[in-house]
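Novice: Residue numbers (numbering that gives the first Met the number 0), protein chains in the order written: chain A, 0 to 217; chain B, 0 to 448.
It is possible that some hints are incorrect.
Stated by the list, open to error - Short, incomplete list of chain A residues facing chain B, as computed with Cβ under 8 Å: (1) L22; (2) L23; (3) H77; (4) G79; (5) L80; (6) K110; (7) D111.
Claimed, not checked - Per label pair, the in silico range of CB-to-CB distance: (8) A:T63 with B:E104: 47 to 55 Å; (9) A:D47 with B:S338: 42 to 50 Å; (10) A:D118 with B:T441: 54 to 62 Å; (11) B:V231 with A:Y88: 24 to 32 Å; (12) A:Y88 with B:Q372: 49 to 57 Å; (13) B:G401 with A:D17: 53 to 61 Å; (14) A:D47 with B:R253: 33 to 41 Å; (15) A:A152 with B:D323: 54 to 62 Å; (16) B:K285 with A:D17: 28 to 36 Å; (17) A:Y88 with B:F112: 35 to 43 Å; (18) A:D118 with B:K285: 22 to 30 Å; (19) A:Y88 with B:E246: 20 to 28 Å.
Claimed, not checked - A few chain B positions that, by computed beta-carbon distances, are all more than 12 Å from chain A: (20) L202; (21) H259; (22) L273; (23) A276; (24) A422.
Keep in mind the hints are simulated off the structure, nothing from the lab. Computed from a predicted structure; not experimentally measured. In this text, a Cβ means the ideal position worked out from N, Cα and C, and glycines have one as well.
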Amino acid sequence: MSTTCRVAIAEDSAILRDGLVHLLEGRGFTVTDAVGDAEALHAAIDHDCPDVAIVDIRMPPSFTDEGLIAALELRRSHHGLGILVFSQYVETRYASELLADGAEGVGYLLKDRVADVGDFIEGLRRVASGGTALDPEVVAQLMGISRRAPSIAVLSPREREVLALMAEGRSNRGIAGVLVISEGAVEKHVASIFMKFDLPVSVDDNRRILAVLRYLEA
Amino acid sequence: MGTNDEMSLTTEHFSASLASTARQILREPFTRQAWSELLYLALGSLLAFVGLAFVLLTMAIGVVLAITFVGLAVLALSLRSARGLGRLNRRLANSLIGEQIEEPERFQSRKGFLGWLQAALRDQTGWRSVAYLVLKAPLATVSIYAALCLWLDAFIYFRSFVEGQQRLPVGIVSAILHTSYATDGSWGTMSRISTLFLAVILLLLAPWAVRLAVFVDRLLMRALLSPDSTTVRVRSLEHARAVTIDESAATLRRIERDLHDGTQAQLVALAMRLGMAKEELALPKKQLELDRVRALVDMAHAQTKEIIVELRDLTRGIHPPALDVGLAGALTTLAARSSVPTDLSVKLNDRPTPAVEAIAYFCVAELLANVAQHADATRASISCTQDGDHLRLIVRDDGVGGARCLDRGTASGGLRGLTDRVAAVDGWLAVESPAQGPTVVTVDLPLAI
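Generate coordinates for the entire structure from the input sequences, incorporating the hints supplied.
Specialist: The structure is reproduced here in structure tokens:
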């Protein structure tokens with residue numbers, strides 16, 4: 000929390016947009032711009048590039064997936080810009096499109112997560128610094144697809160839990176907190192998962208996620 | 000002075016319109032329409048003669064051989080070709096005289112040769128095409144004769160005028176006249192001018208005779224070459240079904256959008272406020288600022304009330320609770336909520352089914368919304384009466400008028416949508432809205448579907 004994190008917001012519901020601005024400014028974020036549609040988002044980011052953009056999927060004019068398209072374009076055009084897609088639904092297709100180019104600086108959260116302010120802020124910071132924040136719902140759906148893949152059968156139930164939490168973007172300490180086990184135990188599970196998947200162990204959080212997602216997309 | 004001017008104006012106007020009518024009459028024989036009608040008469044008649052001959056011949060063969068299977072097959076083939084002839088005739092009429100007749104239902108064969116035979120022999124469209132050919136042949140004979148008389152004679156008299164013959168040439172008309180008036184083989188002499196006069200009269204009459212013949216043919220085609228009443232009914236039901244399905248899908252989409260953009264967003268914002276308040280409260284006592292928490296709770300409270308109002312409007316839009324009591328009560332609420340002062344009179348002896356009540360309610364709601372938005376009216380009235388087993392709704396306003404049923408998606412698309420929805424339950428909607436108003440929309444619905 001030493002440096003201020005700069006955020007742009009694209010959300011068509013005025014009440015939610017204002018609420019977010021209020022929330023983030025109260026938590027020491029700098030909101031560079033808060034807009035209501037994808038076109039304005041592009042303009043805002045070209046004008047003053049933030050660390051991370053919060054993008055609603057459904058925005059005018061057609062209220063379908065304007066936000067997602069904008070997010071994909073921004074990911075390609077602005078390297079290093081974190082994108083947190085913010086939606087009231089989890090669509091598996093959206094998640095896989097978003098993660099197709101890797102998981103660095105990507106988030107996909109349900110809007111309700113904002114009610115747990117602490118978690119939301121943490122996720123946003125993670126995305127801003129190049130990490131990942133996936134909604135448990137997103138992870139569950141992606142796991143649902145890949146459950147058919149034979150490789151997941153080799154994991155124990157506990158390892159599957161750890162893998163899901165890893166996919167959400169959590170650190171070992173975070174996972175230990177959620178599962179109420181020691182960090183050492185988590186490390187053992189992670190090592191075991193990587194071994195079973197034939198993935199080289201790495202201390203880098205980001206590469207962990209990439210590895211997990213590569214597996215999830217398979 | 001003023002009256003004089005007006006009179007001369009009227010006279011001028013009258014003579015102008017007389018001149019234009021005269022010009023039209025004089026031009027008639029040379030219009031494109033006259034010639035394509037003549038062409039249609041010729042080709043259509045040819046088709047009818049050849050077609051009838053073919054169909055009758057094959058049918059006769061079929062009947063003679065009917066004792067064997069082959070006879071029935073020939074008969075079936077004959078009916079199938081009659082169907083084809085009907086289609087050819089429809090195309091000819093469409094391209095030459097612009098008569099657009101809907102295609103009848105396609106021939107539906109059943110399985111196997113026997114199935115095909117049965118379907119072909121029972122094919123209503125085929126039999127009706129035969130009936131058309133049978134009636135068309137005499138019509139064609141008479142009309143070709145009449146057209147030939149007029150056009151040919153006009154030509155013959157013109158020639159005699161140009162060549163300056165003194166004796167009246169023998170045209171077909173004069174041949175008829177000749178038998179009734181003259182006995183000595185000649186009809187006497189005529190001046191050149193009279194010949195010209197006769198030619199012009201015949202020329203002017205000719206297109207009208209053809210038009211009359213074509214008109215009778217149009218009636219025949221509409222009666223016998225169009226889809227039969229069952230097909231028409233099936234098509235209208237299919238259309239109604241499509242409209243109903245689209246309507247309900249659109250309604251669901253609208254509700255989803257209202258919930259997503261309205262209520263759900265509000266609730267997320269509410270949860271966010273409460274989450275912030277919760278975090279504030281979790282701070283150590285020293286840093287706790289009760290005023291900030293209070294402000295957050297106040298906002299959350301106000302927002303909750305807004306959500307309740309929004310949800311109430313939304314549920315009312317899905318099914319107005321007042322309808323449970325009856326249409327009269329629901330319409331009273333509608334009239335009272337209308338921004339334009341609205342009178343209401345409801346006289347119903349029987350209660351319509353819930354679905355009809357709902358349609359009636361939403362019609363009135365939409366029409367009143369139109370009045371408020373477009374009509375610029377000072378008063379409106381709703382009348383709801385029973386007419387036998389039908390419900391008659393009349394919504395009137397004293398506004399600017401000019402309302403029309405346009406396609407969906409345009410300004411008056413709502414009216415178009417209503418028309419479709421009403422038609423889906425065998426009702427109808429009529430709009431009467433002259434440019435200066437007033438607008439009267441009448442909706443007729445069956446009491447029960």
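Novice: For a quick check of understanding: which of the numbered hints are violated here, in increasing order?
Specialist: 2, 3, 4, 5, 8, 11, 12, 13, 17, 21, 22, 23
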